[in-house]
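Undergrad: Add chain B to chain A, keeping to what the hints say.
2 protein chains.
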Amino acid sequence: MRHERGLLIVLSGPSGVGKGTVRKAIFENKDLDLQYSISMTTRQPREGEVHGVDYFFTTKEDFQQRIGENKFLEWAEFVGNFYGTPIEYVEKTLSEGKDIFLEIEVQGALQVKKAFPEGIFIFLAPPSMSELQNRIVTRGTETEDIILNRMNAAKEEIEMMDAYDYVVENDQVELACERIKAIMISEHLKRERVANYYKRMMEAE
Amino acid sequence: MRHERGLLIVLSGPSGVGKGTVRKAIFENKDLDLQYSISMTTRQPREGEVHGVDYFFTTKEDFQQRIGENKFLEWAEFVGNFYGTPIEYVEKTLSEGKDIFLEIEVQGALQVKKAFPEGIFIFLAPPSMSELQNRIVTRGTETEDIILNRMNAAKEEIEMMDAYDYVVENDQVELACERIKAIMISEHLKRERVANYYKRMMEAE
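For the protein sequence lines, the chains are A and B, in the order given.
Just so we're aligned, residue 1 is where the first sequence starts under UniProt numbering, counting upward by one.
Just so we're aligned, residue 1 is where the second sequence starts under UniProt numbering, counting upward by one.
Isolated chain A (complex conformation) (with noise of 0.2 Å):
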């Protein structure tokens, strides 16, 4: 079945988590039609790099202008460069019927979330998400300290995961890829995105 529109996908979650690694092999994977987000930037192009594939190579003022007018579903300042993800090429390439991909921390998908909420928001989680259970019910062999930090840690992982629409734990590369592939497939199933697809055409007639 076709779909009018393509999808959004954001991949994000604690730094350290392997957001990279997942993403590098979500893009090896020739199943999927997918689109790597373009990021818009003012650092200097690097040997290689080529405008509108590995970058939107853009002025400080042009980009502070396009800040001004709203121009980015996110953006940041690392030591001194601006980096931001164009809304213009997200809305034409999901217009073209292509999901996008964009792989990024949890304040630029945050920041993303409140512009675009109709995005899948996937947070990807540290395997020890799933030792929760084992720590909290093997008790007393451990000092009440070491605990109780365990316990902090896990709770405001479980708060970041509130943004979000789909939790993946990162155990392994291939089974969190496998796991994004059956939420990408399974989005692209979502009645109202058939019927409405289905319905529009119908009332085009």
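Since the hints were made in silico from the structure, they are not lab data.
Just to be clear, a hint being listed does not mean it is correct.
Stated by the list, open to error - Some but not every residue of chain A turned toward chain B, in silico, with C-beta under 8 Å: (1) 155; (2) 182; (3) 183; (4) 194; (5) 198.
Said to hold, decoys possible - With a Cα cut of at most 27 Å, we get these calculated DSS-like pairs of lysine-lysine: (6) 181(A) with 24(B); (7) 114(A) with 24(A); (8) 199(A) with 113(B); (9) 190(B) with 155(A).
As the list claims (entries may be wrong) - Here are a few chain B residues that face chain A, going by a calculated C-beta distance under 10 Å: (10) 154; (11) 166; (12) 168; (13) 169; (14) 178; (15) 184; (16) 185; (17) 189; (18) 193; (19) 194; (20) 195.
Backbone N, C-alpha and C define an ideal beta-carbon position, used for all residues, glycine too.
TA: Just chain B now, kept in the frame of chain A:
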């Protein structure tokens, strides 16, 4: 990641779409830890049929009392015998953390939806749905009457979808199974399920 409760997965769709064939193929897939929903019936057991495996066998008096006590997710009468899905069995299986799969015609699915809205409702669509676009686009080659009939049939099918969460096209049995499997994996990864599971676990501490 472990999850507290199983999911009720309901497969339905227009008659003749191939629900039974897809259900059989799903149960041949050993990756899935699925329990087939066992119906209660007033008909006589056939040779080899086992109570609690093939059906729960009971008397008409008992069945009618259970109807009065709202003990079925859905029930129907066929040629003098009653058939129904006992809520108690479904609840027990879900609370053991097992998913239940129920294949049922559209009227039954709508009854289940009322009694158990938290189920996952999958509409199996005939492959002709994807030809809808072609039909509409390819104009002038058919008489007005044929086109109108087809449009009306398609409209009815689209309206039937509206109570469902997902639409899966049954173009090929294996593809339909893969899609249903993706839906089941993805539903288990939904943030509210995963996060609530951990939250409740921490509160129990």
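Undergrad: If a hint holds in the structure, say so; if it doesn't, say that too.
TA: Outcome of the hint check:
1. 155: For residue 155(A), the interface hint holds, since the closest Cβ of chain B sits about 7 Å away, which is under 8 Å.
2. 182: holds, 4 Å
3. 183: Hint holds; residue 183(A) Cβ to chain B Cβ min 5 Å, cut 8 Å.
4. 194: Holds, about 4 Å.
5. 198: With Cβ-Cβ at 5 Å, under 8 Å, it holds.
6. 181(A) with 24(B): holds, 24 Å
7. 114(A) with 24(A): holds, 26 Å
8. 199(A) with 113(B): Distance ~23 Å between residue 199(A) and residue 113(B) Cα, so the pair holds.
9. 190(B) with 155(A): With Cα atoms ~18 Å apart, residue 190(B) and residue 155(A) stay inside 27 Å; holds.
10. 154: holds, 7 Å
11. 166: holds, 5 Å
12. 168: holds, 6 Å
13. 169: holds, 5 Å
14. 178: holds, 8 Å
15. 184: Cβ of residue 184(B) sits 8 Å from chain A, so the hint holds.
16. 185: Holds, about 4 Å.
17. 189: The hint holds - residue 189(B) has a Cβ within 10 Å of chain A, the shortest such distance being about 5 Å.
18. 193: Since chain A brings a Cβ to about 8 Å from residue 193(B), closer than 10 Å, the hint holds.
19. 194: holds, 4 Å
20. 195: At about 5 Å, which falls below the 10 Å cut-off, the nearest Cβ of chain A leaves the hint on residue 195(B) intact, so it holds.
Of the numbered hints listed earlier, not one is contradicted by the structure.
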